[in-house]
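Chain by chain, the residues:
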Amino acid sequence: MENLEHSIKTLIIECLNLEEIQPEDIDSNASLFVEGLGLDSIDALELGIAIKKKFQVTLNADSRETRDHFSSVKSLARFIASQSD
Amino acid sequence: MKNLVNLSVESCSAWTSDPRLSEASDTPPDAAGVPPMIRRRLSSLSKIALSVALECVEGQSVEYSIFCSRHGELQRTTGLLQELAQGNELSPAAFSQSVHNSAAGLFSIVLDCPSTSTSISAGADTFGYGLVEAAAHLMLNPGEKVLLVAFDEPPPDIFGTASRDPAYGVALLFSGADGFPSLQLRLQPAADPTEATEPLALTFLRFWRSGSTAGKAPTNRIIWEWKRHDNRH
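These protein sequence lines map, in sequence, to chains A and B. Heads up, the first sequence is in the numbering used here, so the first residue is 1 and it goes up one at a time. Heads up, the second sequence is in the numbering used here, so the first residue is 1001 and it goes up one at a time.
Hints are supplied without guarantee of correctness; some may be wrong.
[What the hints assert, rightly or not] If you only want the chain B side, here are some residues facing chain A, beta carbon under 7 Å, derived:
#: 1; residue: P1036
#: 2; residue: R1040
#: 3; residue: E1089
#: 4; residue: P1092
#: 5; residue: A1093
#: 6; residue: S1096
Hints were generated in silico from the structure; no laboratory data involved. We put the beta carbon where it would ideally sit given N, CA and C, even for glycine.
Next up, chain B with everything else stripped away, as it sits in the complex (with noise of 0.2 Å):
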């Protein structure tokens, strides 16, 4: 077991709707910050990663940003395939932005902000290899700031037992800096397999907001293990 660089924890947002997090209210965050042209075509998900990830940056400019999402625009997606299925004409605007990388795009472009992203999608796991990405990236490049977005909705009905996950939206702003409370990321194989019961985001979010030191979260293939230090001076 190795530890990754620490992370300092400039800034954190988030919205859910699980009701059993701080964070959680019934109405989708509707991404008040992102002018109204480009607003009236966001998908409800990417509104989720948008809202979280402009209020966790306040307008500042990040290096490099990760957008990681478990199912990304599936529901946009089985929309346009059930279009397609019934000889209807697609939805060019709905078209344009089914893709996993839309929000990433789309921050890009509120933002006019032509830093490097990337996406990522790596099952219950996927949170876990976005702080992976963001310490790597920290590790080279110290001196920057690193944007982690995390966001799903759960898929549709269509694909069965895997949609009882809610929907939500973590951003998280990460640099080397001094005076901001620190993550320190470990990780291991899991021996016995365990099924995540809920988006792993949302089980760091518990963690990081309860103010413990440590924080554990199995998923059936790695045990992620956090450890948080407050270096307030």
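Isolated chain A, as found in the complex (with noise of 0.2 Å):
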């Protein structure tokens, strides 16, 4: 799982041109958008389309559990490896 998570911090920091972050700065329980990161909506979509990829999983854009799983690194890496399962 600490993988998983170290891989998502690095693809949410490559995806997003977010130069200044290492993985380290990103705690993964830690919201990502707005607080925490400080990142956007359209951020929200880049990085979906990113996990889409990487991950193969498939998301809702409109689902309240999809904005449940990308509420922090961790809740992220739990979907993913639910996915995988």
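If you follow the hints, you should be able to join the two separate chains into one complex; please do so.
Okay, structure coming up:
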């Protein structure tokens, strides 16, 4: 799970061009959007596409669950792990 | 032939990849003055436009800004179309800044400046019509400051011969104030159409930096004439 969290952090930094941030700077439990990293709705869409591509998971852009999955790195890792089981 | 209003040139900032100009550099500007969370999404073209624009205004507010680009975000648009042709999903961040007035919108966000702006694309005469727009605005609003930003990158190779132009950004801050060198603009239809060999903004920059009092640039439609007066008191 820790490896998965690390690769999600790397993916976030790469696909959102967060040049000044290192994977270690991202708290797995912290909120990704608005607070915490300060990402916005365009980042959410961008990250959704990158995650679909890298982990071959399906995301429904409108669902309430998707919003929960995207709340932190930890919840994203939990979701991706559950899809590949 | 009619003279238009005199434009006081308060400031001029430029970058180009054209080695014949003193502003030339191989390293494109990185828009360091733009906050990182905004800068990370900028195209290379928007970085050029914002770098010269921010350097030119130095934090001053302007009442009107004119963004002039012949090709606009064509590199980004072409990239998106190629992705689409391959059946890939498009990058929302790239899509959100793939329009001609991306740089104009970003400039107003970065400076928190809600003033009016316009975007111009007019073929080889793009920069010239930007000057006409600036002159017209200052004629009606003589107390205001007007920023003109001209910027372009060569279009992608798929567009063929038009790709030979260098990348550049030229920003000029105009007003009606005394104490600055002033620019007088004249234009007339070209009787003998000439294909311009470089972007008009770079021909102007060469003239303006040379200190000459008169310059001329024919395009295939118009002969642009510029006169410079040094009004320092």
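Each hint, compared with the structure:
1. Because the closest C-beta pair between B:P1036 and chain A is about 6 Å apart, less than 7 Å, the hint holds.
2. Nearest Cβ of chain A to the Cβ of B:R1040: about 4 Å, under the 7 Å cut. The hint holds.
3. Restraint check, B:E1089 versus chain A: the minimum CB separation of about 5 Å is within 7 Å; hint holds.
4. Because the smallest distance between the Cβ of B:P1092 and any Cβ of chain A comes to about 4 Å, under 7 Å, the interface hint for this residue holds.
5. Because the beta carbon of B:A1093 sits about 5 Å from the nearest beta carbon in chain A, less than 7 Å, this interface hint is met.
6. Restraint check, B:S1096 versus chain A: the minimum CB separation of about 6 Å is within 7 Å; hint holds.
Hint check: no violations occur; every hint is consistent with the structure.
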